[in-house]
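These protein sequence lines are chains A and B, in that order. Just so we're aligned: 174 in my numbering is position 174 of the first sequence, and the numbers increase by one with no gaps anywhere. Count along the second sequence from 1, then add 1000; that gives the number in my numbering.
Rather than coming from a laboratory, the hints here were simulated on the basis of the structure. Treat the hints with care, since some could be wrong.
[Unchecked claim] Lysine-lysine pairs mimicking DSS-like chemistry, simulated, CA-CA at most 27 angstroms apart:
1. B:LYS1067 / A:LYS181
2. A:LYS140 / A:LYS181
3. A:LYS108 / A:LYS247
4. A:LYS247 / B:LYS1067
5. B:LYS1068 / A:LYS181
6. B:LYS1066 / A:LYS181
7. A:LYS112 / A:LYS175
8. A:LYS112 / A:LYS166
9. A:LYS247 / A:LYS175
10. A:LYS180 / B:LYS1067
11. A:LYS166 / B:LYS1068
12. A:LYS108 / A:LYS175
13. A:LYS112 / A:LYS181
14. B:LYS1066 / A:LYS201
15. A:LYS175 / B:LYS1067
16. A:LYS180 / B:LYS1068
17. A:LYS112 / A:LYS180
18. A:LYS180 / A:LYS166
19. B:LYS1066 / A:LYS180
20. A:LYS108 / A:LYS201
21. B:LYS1066 / A:LYS247
22. A:LYS140 / A:LYS201
23. A:LYS247 / B:LYS1068
[To be verified] Partial list, computed: chain B residues near chain A (C-beta under 10 angstroms):
24. ILE1016
25. THR1030
26. ALA1031
27. GLU1039
28. THR1040
29. LEU1065
The C-beta atom is built at its ideal place from N, Cα and C for all residues, glycine as well.
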Amino acid sequence: MSVTPTPKRKAAIFGVPLAWIAAFGALIGVFSIVPMIFYIFGGGFLSAGMIVFSPLAGIIMGPWAGYIAGLIGGLIGMLISPASYPLGFIDANLSGAFIPLYWGLVKKNYWKFMIPWWILWILVAIVWPYHIPGPAGGYKEAPEPYYTLSWSWTYIGFALYLATLKFLNDWISEKSTTTKKIAGLLIYNFIANTAWMVPWKIIYFALLMYPPETVIADNIISWWAYTLPMVVATTIIAYAVVEAMRKSGMYRPPGGVV
Amino acid sequence: MSEKVKPGIWSWVFWIGLIILAYGLVTFSTAIASPEAAETAGAIGIYGSLTVFVIGLIMTLIGYLKKK
Chain A
1 MSVTPTPKRK AAIFGVPLAW IAAFGALIGV FSIVPMIFYI FGGGFLSAGM
51 IVFSPLAGII MGPWAGYIAG LIGGLIGMLI SPASYPLGFI DANLSGAFIP
101 LYWGLVKKNY WKFMIPWWIL WILVAIVWPY HIPGPAGGYK EAPEPYYTLS
151 WSWTYIGFAL YLATLKFLND WISEKSTTTK KIAGLLIYNF IANTAWMVPW
201 KIIYFALLMY PPETVIADNI ISWWAYTLPM VVATTIIAYA VVEAMRKSGM
251 YRPPGGVV
Chain B
1001 MSEKVKPGIW SWVFWIGLII LAYGLVTFST AIASPEAAET AGAIGIYGSL
1051 TVFVIGLIMT LIGYLKKK
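Kindly generate the complete structure, drawing on both the sequences and the hints.
So this is what it looks like as C-alpha cells:
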C-alpha cells in the first residue's frame, strides 16, 4: 500500500501539518461541551473531546504535537465550557493537553522520558499534599497503607508498561493480526489511562483540598468508573480510526503509532 | 508497491457506526451507573445516549453486511 508522502512544503511541527494540530485542537475544544462519562458521584462529566479526540491526537500525531493540539483544545474548552475546566488554565493542561501527551508517550520510542516522568508523578501523588506538607498545610494526614495502596491501578499500569515495552508497538502495527491489534490497543490505552490519571487526580485533590478518605474512595472506584469505560471506548474508536487511516493511505506522522 | 486501497461508502458507514456505537455505549452506561450520575445526565442524557447507541449499532451492522 502506498502512503501519502510527508507534506514537506507545508508548515509542520514535529512532522505534523499545522492544519492537523489546529483541527484536533478545535475538535477537542468544541467537543468539551458534549458529555461522555458522567462522574459516578454526580456534578460533572468527562467530555467527548477528552475521551475521543484527545487520545486520538496522541496516538496519531505523537506526544509533542498532541500536547500542542490538546492545549489549544483545552484553552477553547476552558472558554466555551468552563464547568468542564473548573481549574482554568491548569485544567487546560490536565484535562486537555496531558491526555494526548500521555497517549503519545506510551509509544516505545519515548521510554527514556516516560519512565522517570511516570515515577516522578507516582512519588508526588504518594507524598504531596497529604504527608508533605500534611497537617502543616491544612491537609488531613492520609491513613496508610490504604492511601498508597489506593493508587494500585497506576502501579499495575506501570508494571504492564515495562512488561510490554518490547513488543506492544509490534502488536498494534499494520502487519499484526486483528486480535493482537485489539489486545494491544486495550493494553496501550490502559497504560496511558493509568499514567495520565495520576497528575490529573492529585492536582485536583490537592487544589480542592479533598479529604484523604475521599481520595481513597475515588481511587478505588476509578477502576470501573473511569478506566474501564475510557479504555473500552478509546480502543474501539482508535482501532476504527487507525485502521481507516491505514487503509486510505493517508499521511502518517512519524511521532504517532499509525 | 501495491495499489492504494480506497475504502467504499459502506466501509465508512461501518467504521463511523462503530465510533458512534462506542460513544453511545459508554455514555449510556455511565449515565445510569448511579442516581447522582443519572441526575447529572437527566432524561435527555439517558435517552439521548441510548438513541445514539442504537443508531451506532444499526450503522455498524448495515455497514458490515453491505461492505462485504
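To see whether the hints hold, each was checked on the structure:
With a CA separation close to 21 angstroms, the supplied pair LYS1067 of chain B and LYS181 of chain A stays within the 27 angstroms bound. Restraint check for LYS140 of chain A and LYS181 of chain A: not satisfied, since their Cα atoms lie roughly 45 angstroms apart, outside the 27 angstroms limit. For the proposed pair LYS108 of chain A and LYS247 of chain A, the alpha carbon gap of about 23 angstroms is at most 27 angstroms, so the pair holds. Proposed proximity of LYS247 of chain A and LYS1067 of chain B is supported: the alpha carbons are some 14 angstroms apart, at most 27 angstroms.
A hinted pair counts as satisfied when its Cα atoms are at most 27 angstroms apart, and LYS1068 of chain B with LYS181 of chain A qualifies at roughly 21 angstroms. For a cut-off of 27 angstroms, the pair hint linking LYS1066 of chain B to LYS181 of chain A stands: about 24 angstroms separates their Cα positions. For the proposed pair LYS112 of chain A and LYS175 of chain A, the alpha carbon gap of about 26 angstroms is at most 27 angstroms, so the pair holds. At most 27 angstroms may separate the alpha-carbon atoms for a hinted pair to count; LYS112 of chain A and LYS166 of chain A meet this at roughly 13 angstroms.
With a CA separation close to 12 angstroms, the supplied pair LYS247 of chain A and LYS175 of chain A stays within the 27 angstroms bound. Note on LYS180 of chain A and LYS1067 of chain B: the hinted pairing holds, with a Cα-Cα distance of about 23 angstroms set against a maximum of 27 angstroms. With a C-alpha separation of about 36 angstroms, the suggested pairing of LYS166 of chain A with LYS1068 of chain B is violated against the 27 angstroms cut-off. For the proposed pair LYS108 of chain A and LYS175 of chain A, the alpha carbon gap of about 17 angstroms is at most 27 angstroms, so the pair holds.
Annotation: proposed proximity of LYS112 of chain A to LYS181 of chain A holds, straight-line Cα distance about 24 angstroms (limit 27 angstroms). About 44 angstroms separates the Cα atoms of LYS1066 of chain B and LYS201 of chain A, which puts this hinted pair outside 27 angstroms; it is violated. In summary, the hint linking LYS175 of chain A to LYS1067 of chain B is supported, as the alpha carbons are separated by about 22 angstroms, within the 27 angstroms threshold. Restraint check: the Cα-Cα separation between LYS180 of chain A and LYS1068 of chain B comes to about 23 angstroms, which is no more than 27 angstroms; the hinted pair holds.
A C-alpha spacing of about 25 angstroms is found between LYS112 of chain A and LYS180 of chain A, which places the hinted pair at or below 27 angstroms, so the restraint holds. Taken as a hint, the LYS180 of chain A and LYS166 of chain A pair is honoured in the structure, with Cα atoms around 14 angstroms apart against an allowance of 27 angstroms. Our distance criterion of 27 angstroms between C-alpha atoms is met by LYS1066 of chain B and LYS180 of chain A, whose separation comes to about 26 angstroms. At roughly 25 angstroms between alpha-carbon atoms, LYS108 of chain A and LYS201 of chain A fall within 27 angstroms of each other, so this suggested pair holds.
Between LYS1066 of chain B and LYS247 of chain A the CA atoms are separated by roughly 18 angstroms; this keeps the pair inside 27 angstroms, and the hint holds. Between LYS140 of chain A and LYS201 of chain A, the direct Cα distance comes to roughly 17 angstroms. Compliance with the 27 angstroms bound is thereby established for this hinted pair. Annotation: proposed proximity of LYS247 of chain A to LYS1068 of chain B holds, straight-line Cα distance about 15 angstroms (limit 27 angstroms). At its closest, the beta carbon of ILE1016 of chain B sits 8 angstroms from a beta carbon of chain A; the interface hint therefore holds under the 10 angstroms criterion.
Evaluation of the THR1030 of chain B hint against chain A yields a held restraint, the C-beta minimum of about 5 angstroms falling below 10 angstroms. Interface restraint check for ALA1031 of chain B: the shortest CB-CB distance to chain A comes to about 5 angstroms, inside 10 angstroms, so the restraint holds. At about 6 angstroms, the closest approach between the beta carbon of GLU1039 of chain B and any beta carbon in chain A falls short of 10 angstroms, and the interface hint on this residue holds. A distance limit of 10 angstroms between C-beta atoms decides the matter here; for THR1040 of chain B the minimum to chain A is near 5 angstroms, and the interface restraint holds.
The beta carbon of LEU1065 of chain B comes no nearer than 17 angstroms to any beta carbon in chain A, farther than 10 angstroms, and the hint placing it at the interface is violated.
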